[in-house]
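Protein chains: 4
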Amino acid sequence: MALRLICISPAFNSMGQTLVRAMSTQSGAKNIGFVGLGNMGGHMATNLMKKGHKLHVFDISKPACDNLKAKGAQVYSNTSELALKSDFVITMLPNNDIVAKSYEEMTANGVNKDTIFIDSSTIDPNLVKQLQKMISGKGARFIDAPVSGGVPGAEQATLTFMVGGTNEEYNAVKSVLECMGKRITHCGDYGMGQAAKLCNNMMLGISMIGVSEAMNLAIRLGLNPQTFAEIINSSTGRCWASEVYNPVPGVTPTAPANNDYKGGFSTDLITKDLGLASGVATASNTPIPLGAMAHQIYRTLKAHGLGNKDFSVVYDFMKNTKYN
Amino acid sequence: MALRLICISPAFNSMGQTLVRAMSTQSGAKNIGFVGLGNMGGHMATNLMKKGHKLHVFDISKPACDNLKAKGAQVYSNTSELALKSDFVITMLPNNDIVAKSYEEMTANGVNKDTIFIDSSTIDPNLVKQLQKMISGKGARFIDAPVSGGVPGAEQATLTFMVGGTNEEYNAVKSVLECMGKRITHCGDYGMGQAAKLCNNMMLGISMIGVSEAMNLAIRLGLNPQTFAEIINSSTGRCWASEVYNPVPGVTPTAPANNDYKGGFSTDLITKDLGLASGVATASNTPIPLGAMAHQIYRTLKAHGLGNKDFSVVYDFMKNTKYN
Amino acid sequence: MALRLICISPAFNSMGQTLVRAMSTQSGAKNIGFVGLGNMGGHMATNLMKKGHKLHVFDISKPACDNLKAKGAQVYSNTSELALKSDFVITMLPNNDIVAKSYEEMTANGVNKDTIFIDSSTIDPNLVKQLQKMISGKGARFIDAPVSGGVPGAEQATLTFMVGGTNEEYNAVKSVLECMGKRITHCGDYGMGQAAKLCNNMMLGISMIGVSEAMNLAIRLGLNPQTFAEIINSSTGRCWASEVYNPVPGVTPTAPANNDYKGGFSTDLITKDLGLASGVATASNTPIPLGAMAHQIYRTLKAHGLGNKDFSVVYDFMKNTKYN
Amino acid sequence: MALRLICISPAFNSMGQTLVRAMSTQSGAKNIGFVGLGNMGGHMATNLMKKGHKLHVFDISKPACDNLKAKGAQVYSNTSELALKSDFVITMLPNNDIVAKSYEEMTANGVNKDTIFIDSSTIDPNLVKQLQKMISGKGARFIDAPVSGGVPGAEQATLTFMVGGTNEEYNAVKSVLECMGKRITHCGDYGMGQAAKLCNNMMLGISMIGVSEAMNLAIRLGLNPQTFAEIINSSTGRCWASEVYNPVPGVTPTAPANNDYKGGFSTDLITKDLGLASGVATASNTPIPLGAMAHQIYRTLKAHGLGNKDFSVVYDFMKNTKYN
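Protein chains in written order, with our numbering: chain A, 296 to 619; chain B, 296 to 619; chain C, 296 to 619; chain D, 296 to 619.
Each hint should be verified, as a subset may be incorrect.
Note that identical chains are pooled: a pair holds if it fits in a single copy or bridges any two copies.
Unchecked claim - Straight-line distance between alpha carbons at most 27 Å, and here's what the computed DSS-like set of lysine-lysine pairs gives:
{"#": "1", "residue 1": "567", "residue 2": "424"}
{"#": "2", "residue 1": "346", "residue 2": "364"}
{"#": "3", "residue 1": "614", "residue 2": "557"}
{"#": "4", "residue 1": "357", "residue 2": "424"}
{"#": "5", "residue 1": "357", "residue 2": "477"}
{"#": "6", "residue 1": "424", "residue 2": "396"}
{"#": "7", "residue 1": "469", "residue 2": "357"}
{"#": "8", "residue 1": "428", "residue 2": "614"}
{"#": "9", "residue 1": "364", "residue 2": "433"}
{"#": "10", "residue 1": "396", "residue 2": "428"}
{"#": "11", "residue 1": "614", "residue 2": "408"}
{"#": "12", "residue 1": "477", "residue 2": "396"}
Since the hints were derived computationally from the structure, they do not count as laboratory data.
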């Protein structure tokens with residue numbers, strides 16, 4: 296990793312201010328800013344520190360900051376200052392609006408031209424393109440690198456990163472992202488990381504409902520859930536949701552179904568992702584009948600108060616609890 | 296295999312007729328009746344002969360019979376006679392009505408009590424239960440053993456058989472089915488083979504449309520199809536349809552998408568299977584929103600003349616050929 | 296009405312038994328058998344008596360029979376006997392199986408050749424055709440005449456009857472049906488009454504969900520429910536469900552929405568009708584995407600214990616009670 | 296109408312410029328600006344002239360302008376100038392972006408404080424709120440007043456206007472809108488006109504597909520289309536689409552179905568409206584399963600090149616032309 300390092304001298308940012316150059320050590324350790332220390336971000340920042348990087352962190356939650364501080368991170372109350380000290384800034388935030396506002400604030404006082412901003416939130420690919428223009432206009436670089444793998448992947452550093460940017464940018468961020476994930480995929484130009492994430496998650500949202508329907512029907516027809524899961528998983532109906540994350544309690548030991556649908560990937564989040572997918576599908580006139588229907592079904596779950604349960608709770612919602 | 300053979304003496308059937316007992320040789324070769332020599336059945340019967348079994352066959356198509364005759368099978372014009380000569384009778388027929396009628400005719404003159412009838416067609420699990428009653432009432436045995444794997448699986452003897460019947464019956468037919476498939480699964484009691492098949496294929500039908508939507512949206516957003524397929528296949532959206540049978544031309548070399556959606560598993564057949572799944576879901580009051588929607592989409596394809604194309608043609612149907 | 300009466304002499308039924316001919320009075324009063332005295336049937340039978348007809352009734356519920364007896368009907372424990380005494384027999388029963396079984400029992404001892412059997416249940420048009428064959432084979436006549444208008448229409452004698460049969464049969468039953476309804480429509484040949492009923496009710500089921508979605512969205516966007524209902528009802532979105540039976544409490548005073556969704560047309564019944572519609576659509580390869588989706592939505596309501604509520608409860612199910 | 300006129304003296308706009316006050320005649324004639332002279336706008340502007348108003352018009356299409364000029368309108372190449380001459384400015388434009396851009400240009404040089412801008416386009420209710428803020432910030436007034444009734448309604452001055460604004464503003468524009476429509480509804484505050492329009496049109500889009508499914512199924516089951524249309528229209532399945540605009544050729548003489556689905560309300564427009572409805576439903580977490588599905592179906596029609604056909608062409612798309 297050390298060989299990839301190039302020590303860059305201090306620079307002027309686009310607004311003419313002299314910047315204190317973030318100094319990377321010869322050992323390959325980088326100054327990495329991290330904004331958003333939630334369920335995912337906290338683990339990701341921790342994993343970066345485990346690999347020897349220096350972390351500069353921000354979150355609106357004090358406990359989240361304290362947690363990282365105890366592990367050795369430096370906490371900031373001002374993201375602009377945080378960004379100016381960082382070789383890389385990673386943002387992991389809940390939605391379009393917060394991402395947009397965060398980047399405005401963070402870059403309001405100018406940027407370090409050598410900083411690469413990496414947004415790992417899940418947002419609209421069009422917002423990615425706008426942010427990339429804004430930040431490249433200020434002289435720094437911005438790429439999208441949303442993730443899949445959920446909280447366990449964040450904790451175990453086994454996330455998949457879907458990177459949208461140039462080849463050069465992809466190569467520049469790869470080793471940093473490898474501290475947090477096991478698969479760093481270059482999806483294409485700016486926004487293509489988000490596009491890949493949304494399309495993948497649309498399929499995930501469809502699969503989970505499909506598996507729930509198939510398992511529920513199988514059980515009601517008299518099949519043993521375990522037996523049917525084995526059949527589908529060795530046949531043409533198999534998918535990640537049936538194999539790894541089966542929504543029926545007792546089938547996949549590690550799945551949230553066995554923990555009252557707690558933890559995991561929330562209905563709120565899959566609904567948000569399907570909303571983003573629906574938006575880009577509408578804008579591009581792409582028919583997504585099952586994606587749209589899946590979106591509506593998860594929205595109905597939210598309306599029934601299941602937004603913070605794992606999305607596999609759709610099985611529980613659908614099964615005939617009061618058959619008549 | 297030879298050790299499993301028990302030479303059974305001639306017997307009287309339930310109607311008091313003396314039956315000519317089907318004589319199995321010491322080498323383990325069986326007399327196997329095969330009714331329905333279509334795209335699937337022709338290959339299946341051939342594979343049984345390759346394993347040394349003696350085949351007694353029937354089909355309404357003369358060329359289909361001639362084909363098997365040339366390979367050494369004995370052709371019958373009367374299924375009743377065929378059945379009386381067989382240790383096992385395998386039926387591979389297009390739909391409920393033809394299966395029902397076929398079993399009526401085949402057993403009208405009585406049955407050999409040692410014969411096990413194996414229906415590998417895809418039919419309503421309730422019809423299975425009716426046929427099982429009828430045939431056990433006549434003194435013989437009947438089980439359901441529908442398959443998945445399609446024409447290639449039939450040709451290469453790699454089918455999956457989903458068996459519904461007692462443990463004893465499952466054990467009795469296993470070695471015969473292994474001549475045609477690589478996975479013989481005991482799903483449960485009578486009808487459970489069909490139930491498993493229908494639930495699996497419902498999921499397959501959903502997956503294929505979901506993958507088509509996701510691939511189409513990804514491509515329209517600017518992703519390279521190959522790149523996106525690799526991403527989804529290493530992530531949470533992966534499924535059999537995305538990995539093995541991708542509906543976008545150029546992605547999975549062996550998929551029908553690369554052959555103008557010819558061959559493979561027809562839209563007519565997935566529509567039929569989803570119709571059966573819908574029927575049992577209605578009868579059991581099980582909600583299957585995506586299954587029902589998938590059914591309607593394939594039906595719309597049929598209405599547009601695509602019934603005999605591979606079901607992955609749904610991608611071609613959905614993509615924006617005339618975007619405006 | 297009196298002119299239409301023809302006094303028919305005693306006759307032999309197809310099995311050679313001498314039948315006691317149902318004697319119609321000169322005043323036009325008929326002997327009318329009524330089988331099925333539930334929420335609908337009880338009112339219908341009562342209305343026939345109010346017009347002077349002599350009622351011969353049967354139901355498995357003793358209170359239902361007692362109720363009619365108190366109003367002057369003759370109660371039977373044997374439908375075969377009931378039928379032999381009747382010029383017309385009207386059946387109003389819950390489903391295919393009960394209708395089929397009822398007609399078997401009722402005609403097991405032969406029929407009066409002059410009797411016209413009128414089935415006002417909602418059943419599969421194909422079962423209509425089978426029953427028509429069976430009963431015409433025995434020498435009597437059978438037509439389908441399902442109704443719309445619900446319990447209020449039954450009570451107020453304002454039902455719509457959808458008649459399937461010959462012109463002669465339609466003319467023969469019209470005056471009887473007019474005692475219970477205000478619109479007697481000749482839909483076509485045997486089964487076409489049921490076909491019309493199912494297609495109408497499929498549209499009704501779709502409309503109610505559509506109105507629920509539109510009202511819910513309007514309210515959430517800030518519109519006053521009354522104001523929006525007036526707008527939609529004077530515009531292109533208007534339908535029976537929005538005008539007469541609005542699912543939002545407070546909008547249509549007489550609608551079940553104002554009575555905690557009690558009474559009216561139950562979710563169980565619309566689900567049953569959509570199941571029948573789905574069945575005939577599958578059999579005829581007709582795409583019904585919204586009909587199928589509506590079916591699944593009502594089925595989900597049933598799974599949540601709302602089967603015996605009025606079907607407009609779908610609004611209550613969908614609205615965001617726990618928005619987050 | 297003359298009594299309502301108040302002659303207002305010249306005024307200064309918010310940027311301090313002296314404005315040439317639009318002079319309204321004593322007869323009640325107003326100076327009315329009209330921007331967007333398409334299929335709808337051309338007729339609407341013409342109807343305003345018929346009532347004696349003085350029209351100041353703009354469109355990017357020269358033939359559209361020439362058409363109005365020939366009828367007596369004054370044509371402008373600059374909407375800012377047009378607006379400054381007008382008591383009322385009505386905009387009738389295709390989408391969010393064009394409306395937003397048009398108002399920016401039109402008000403760039405300041406506004407006449409007495410002018411009321413009326414947007415009759417169909418746009419996002421949130422854009423309405425933004426435009427209202429912008430224009431009230433400049434000192435003039437802005438309200439939304441989208442329409443229903445289509446090209447025939449525009450031509451015959453029978454449109455419905457759905458007005459969002461204060462009571463005072465509603466009263467101020469009512470008599471002007473009455474020159475173009477027969478029903479002017481006050482829906483509520485700013486944006487509520489659009490909200491009402493979108494919710495109504497979502498229901499319309501659902502109804503049309505529902506009626507198409509019901510008619511198609513009825514016909515395939517053997518019913519005569521005319522007969523079934525009469526039944527549904529006198530029963531609980533009736534809706535505007537079945538009564539006034541039946542999608543089956545031959546049923547409603549004036550419907551586009553009888554003219555090869557030409558004219559009328561295009562698939563492109565209903566798809567656009569459903570896209571807007573989906574957007575506000577997503578933003579408000581409102582489940583709209585049938586609305587979403589209808590949106591996808593029309594989008595599929597667009598993908599098949601039917602975007603410029605009347606939206607009732609969905610019947611033609613769904614019916615089984617190649618049944619097998």
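For a quick check of understanding: which of the numbered hints are violated here, in increasing order?
4, 5, 7, 8, 9, 11, 12
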